[in-house]
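From first to last, the protein sequence lines are chains C and W. Under our numbering, the residue at position 1 of the first sequence is numbered 1, and the numbers go up by one with no gaps. Under our numbering, the residue at position 606 of the second sequence is numbered 794, and the numbers go up by one with no gaps.
The set of hints was computed from the structure by calculation and includes no laboratory data. This structure is a prediction, so every number in the text was calculated from the model and none was measured. Don't be surprised by glycine CBs; every beta carbon is placed ideally from N, CA and C. It cannot be assumed that every hint is accurate.
Here are the computed lysine-lysine pairs in the DSBU-like style, where the Cα-Cα straight-line distance is at most 30 Å [to be verified]: (1) LYS392/W <-> LYS561/W; (2) LYS51/C <-> LYS864/W; (3) LYS327/W <-> LYS637/W; (4) LYS584/W <-> LYS610/W; (5) LYS322/W <-> LYS561/W; (6) LYS202/W <-> LYS322/W; (7) LYS862/W <-> LYS825/W; (8) LYS127/C <-> LYS258/W; (9) LYS51/C <-> LYS392/W; (10) LYS154/C <-> LYS309/W; (11) LYS825/W <-> LYS97/C; (12) LYS127/C <-> LYS740/W; (13) LYS348/W <-> LYS322/W; (14) LYS862/W <-> LYS51/C; (15) LYS392/W <-> LYS156/C; (16) LYS162/C <-> LYS392/W; (17) LYS470/W <-> LYS767/W; (18) LYS322/W <-> LYS637/W; (19) LYS776/W <-> LYS470/W; (20) LYS741/W <-> LYS561/W; (21) LYS741/W <-> LYS258/W; (22) LYS168/C <-> LYS97/C; (23) LYS494/W <-> LYS51/C; (24) LYS838/W <-> LYS51/C; (25) LYS168/C <-> LYS864/W; (26) LYS392/W <-> LYS185/C; (27) LYS739/W <-> LYS562/W; (28) LYS470/W <-> LYS392/W; (29) LYS739/W <-> LYS348/W; (30) LYS741/W <-> LYS727/W; (31) LYS741/W <-> LYS127/C; (32) LYS309/W <-> LYS327/W; (33) LYS5/C <-> LYS127/C; (34) LYS727/W <-> LYS740/W.
Label-pair ranges, simulated between beta-carbon atoms [claimed, not checked]: (35) THR823/W <-> GLU131/C: 16 to 26 Å; (36) GLU757/W <-> GLU174/C: 55 to 65 Å; (37) GLU131/C <-> ALA475/W: 43 to 53 Å; (38) GLU493/W <-> ILE151/C: 48 to 58 Å; (39) GLU113/C <-> GLY711/W: 52 to 62 Å; (40) GLN157/C <-> GLU791/W: 43 to 53 Å.
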Amino acid sequence: MSNKKNYGMVIDTRVCVACSACVYACKQENNVPEGYCRDWVVQETGGEYPKLTMENRSERCQHCDNAPCVTYCPTRASHYAEDGTVQINRSICTGCKACLAACPYDARFVNPEGFADKCSLCQHRIKQGLETACVSICPTGSLNLVDFNNIDQKTKQLLSGKVVYRQKEHAGTEPNLRWISASNKPGA
Amino acid sequence: MSHGKNFSRRDFIKISSIFLAGSAAMTTATGHAFSGADDKVGDEGSRVVYSFCEHCFWRCGIAAHVRDGKVYKITGSEHHPLSQGKLCPRGTGGTGLLYDPDRLAHPLIRETKGGRQFYRKASWDEAISLVAEKLWNIKEENGPGALAMLNHGYGVSFFKNMLSQIGVNKIAKPSYDLCCGPARQASVLTYGYPSDTPEGFDIKNSKYMMFFGTHFGENMHNTAVQEISDGIRNGAKIVVFDPRFSTLAGKAEHWLPIRPGTDIAMMQGLMHVLITENLYDKSFVEAHTVGFAELRDSVMEMTPEKAAEITEIPADAIRTIAREYAYHAPAAFVHSGRRTNWYGDALQRIRAIHILNALVGNFWMPGGVVAFKKFPLVQPPAAHEHPAYEKEAYSKYPFFPQDEPSNTITSHEIIEDTIAGKIKGLLIYGVNLPETMTLGRDKAIEAMKKAEFVVAVDVLPAEVTGYADVVLPECTYLERYDDLDNGRAFRTPFVALRQPAVPPMYDSRPGNEIAKMITEKWGIHGAFPPSVEKGLDRKLRLVGSSLEEIKKKGVLVMPETDLYRKPGEPLNLKTPSGKVELASAQLKAAGFDAVPKYAPQPEAPAGFYRMLTGRKPMLTFGRTANNRFLGDLATAKENEVWVSDRIAEKHSLQNGEYVRLKNQNGVVSEFPVKVKVTQRIRTDAVYMVHGFGHSSAKLTWAYKRGASHNQLISRTDIDPAMGGVGFQNNFVTFIKEAQA
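Using the sequences and the accompanying hints, generate a full structural model.
Set out below in structure tokens:
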């Protein structure tokens, strides 16, 4: 047990159907302006007809342990919060876009009001003991909020025996989104 | 008055924007403005109103979050069995409908001056008086059979009650004919009881699920998607027969890109293997079914090799799937799906599905076919004796239901009868008829033009409202009470409440008030309770609850029921034999095949491709077409025509380019549509999502986005037994934009 939290997500792509409920829930929860979103879905198909494969993913800021956006932020607006998430202090963000260029996951945009914006992992909800808006709404249960410093039994079981990956590990960002690959056979 | 061939008394009117809500400068942004570092998020100072959704027929429980008099967020109700705290994208999108700047704001009446037709704003009293008078006069002059209602949506019960007061009971739901109807009647004929929503499959306990064409995941039927996900986590295998690599096919152990129109041959081939390899459940078949010998004889010639020739799925695959299915039975099923009617043979196609289920003995077994129960709501004593007409069915189709007073005729019969002049007055509730799959757009418009009087009750200026004599603006489901919902059967039977989260905006009114106002104009009093709240409270008190109680959670839930049969117990089904009817003596007596038999569908003309349709997960056709909140995502903004990479090459089509589609009758799509070049579809078919390509400029978001699937339906195939309509015998080719 660690007293220090390090929140992230385990995303089970075996069940995700790319319906985008997570995106709409986030837009309402966080009042994301029209034309923008903090999370998004990817439907990726591979193979040759008729041997096709598919992976659906609900993507967002990866709340990296070694986050380039934090490193390259000239004003320290992008910072690590105590709960392990990466947050933006809007009052000191100048909207210079250095973080947008630095992020290997393309997770950020400039809010029309002039500051960098992205997934906050619903920090305001986590503080109240709630799950994120996207986790709460997801009909498939693909999204799981996890404290990686204290991985619970359910998550351990979910991850056990499966192909699990992180995106762009070579970038050294230590991302806190872990993906259960859709290539896992049923019941793996 | 003449009803000659070229007679049209009604031109389409574009509703002037001064009668719409837009002048109030609404946006769909539901919250507050950002103010620098102060990102006001969270639910402080808000209240939650529990109700149920109206964005699709599933009717999930919702929690509407209200602050400062505005709904700023909609989440899944944690109390409602169908949502269990979760919600699909469409459910969240209620705000996009509620705050749609295009909403109808005032009652409108059609006027003609100097040969020009236009709408003028009217008071409710004036509009209601006119509707009451016109409907009454048609009834007096021609009898109640000259009036009919087409409906879609849960507010209709009040209009049904209203019409029954003057003896009108010609009521149709287009959705019934193309979606749930064939499944309902196939279930009645095979099991002796109608199918329900959610469909009777024990998904979460299943080990092997087979789907034909139905595409859960794109069809966001919340509860089913939740349970399929549970199944995947628990190791269930999924098998999908679909000409297109759907999202569900992407989850499948086996995706079989079946030739469109050949499902029944595949099902017969699977039955052949189950029977000839002795894989079927002999003891169940002997004890609980009738007609096995007839079924066996009928599939003897459909060897896997023969089925392979027809379906273009290898014989080995057919054998493998039949064996795996039998191995996992009884925790295995073939799902009957939704939007079942493709070729006018859906009754038999779904019968074949039920037979495949019965053969492996999964009936009322864990992981197989189950019969969910409904909440037993007591109906209050009627204010009047139900006259005989309420028990009549008007459909000429022998297996159209005879026992549903809210569904007495097919929608295409109403359209045909209106064109023929037999029906003179139409009440259209929540159906955007020109864009609804009935007999195609042209016939729908012809019917509305021929009718003596058309009244449309709607929320938005959908195309249908342009053909009405009177347009009555209903408020949205987030602004009104409707009848209690005990129409959904599930593991835990429940009754749900629809209640207003906010008061009606503009000059819109709830359906319950509109129907009551019209009825009272006829001088009929007491047909409705003094208030909708009192009526709901009265019904709830009969089951020991109250409106006050149900308002708190939006739902009353019963304990879980036992879904499974016990060994040795007879089933006592309500079929004529009391058993599962593999061969149907009822169908045979009426001159139809007692067991399902494959019959070939027409082939595409050279250079044309069969037009398949479906939906996007965030949209429900007309209900969401103009929803800016849901339309905000790039994937939601327009429909695309999916074209196989090999066909794209043949027609020199590039991914992302815009083309017009032309069907076999020469109908060219009004608007161009984007080409999606993909490996995810067969070479003999194209696919496009229904519900785009709106031609009403007053739907300022939906207008001209993508192409209308409905416009390209020139041929329909009507099920001779139950009257449902299929429309997949339409074929399209491409016209490059420069040539269009």
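> Could one say that the CB atoms of GLU757/W and GLU174/C fall in the range 55 to 65 Å?
Replying inline: 60 Å, holds
> Holds or violated: are the alpha carbons of LYS584/W and LYS610/W at most 30 Å from each other?
Replying inline: The hint holds at about 15 Å.
> Is LYS5/C within 30 Å of LYS127/C, Cα to Cα?
Replying inline: The hint holds at about 12 Å.
> Does the structure keep LYS322/W and LYS561/W at a Cα separation of 30 Å or less?
Replying inline: Violated, because 42 Å separates the two Cα atoms, which is more than 30 Å.
> Straight-line Cα separation of LYS168/C and LYS97/C no greater than 30 Å?
Replying inline: 21 Å, holds
> Is LYS825/W within 30 Å of LYS97/C, Cα to Cα?
Replying inline: Holds, at about 28 Å.
> Could one say that the CB atoms of GLU113/C and GLY711/W fall in the range 52 to 62 Å?
Replying inline: 59 Å, holds
>> Please verify whether LYS470/W and LYS392/W have alpha carbons no more than 30 Å apart.
In response: 26 Å, holds
> Going straight from one Cα to the other, do LYS392/W and LYS156/C come out at no more than 30 Å?
Replying inline: Holds, because 22 Å separates the two Cα atoms, which is no more than 30 Å.
> Would the pair LYS392/W and LYS561/W pass a check requiring their Cα atoms to be no farther apart than 30 Å?
Replying inline: Holds, at about 17 Å.
> Within 30 Å, alpha carbon to alpha carbon, are LYS838/W and LYS51/C?
Replying inline: With Cα atoms ~22 Å apart, LYS838/W and LYS51/C stay inside 30 Å; holds.
> Is LYS168/C close enough to LYS864/W, meaning Cα to Cα at most 30 Å?
Replying inline: 28 Å, holds
The structure shown violates the earlier hints numbered 5 and 10.
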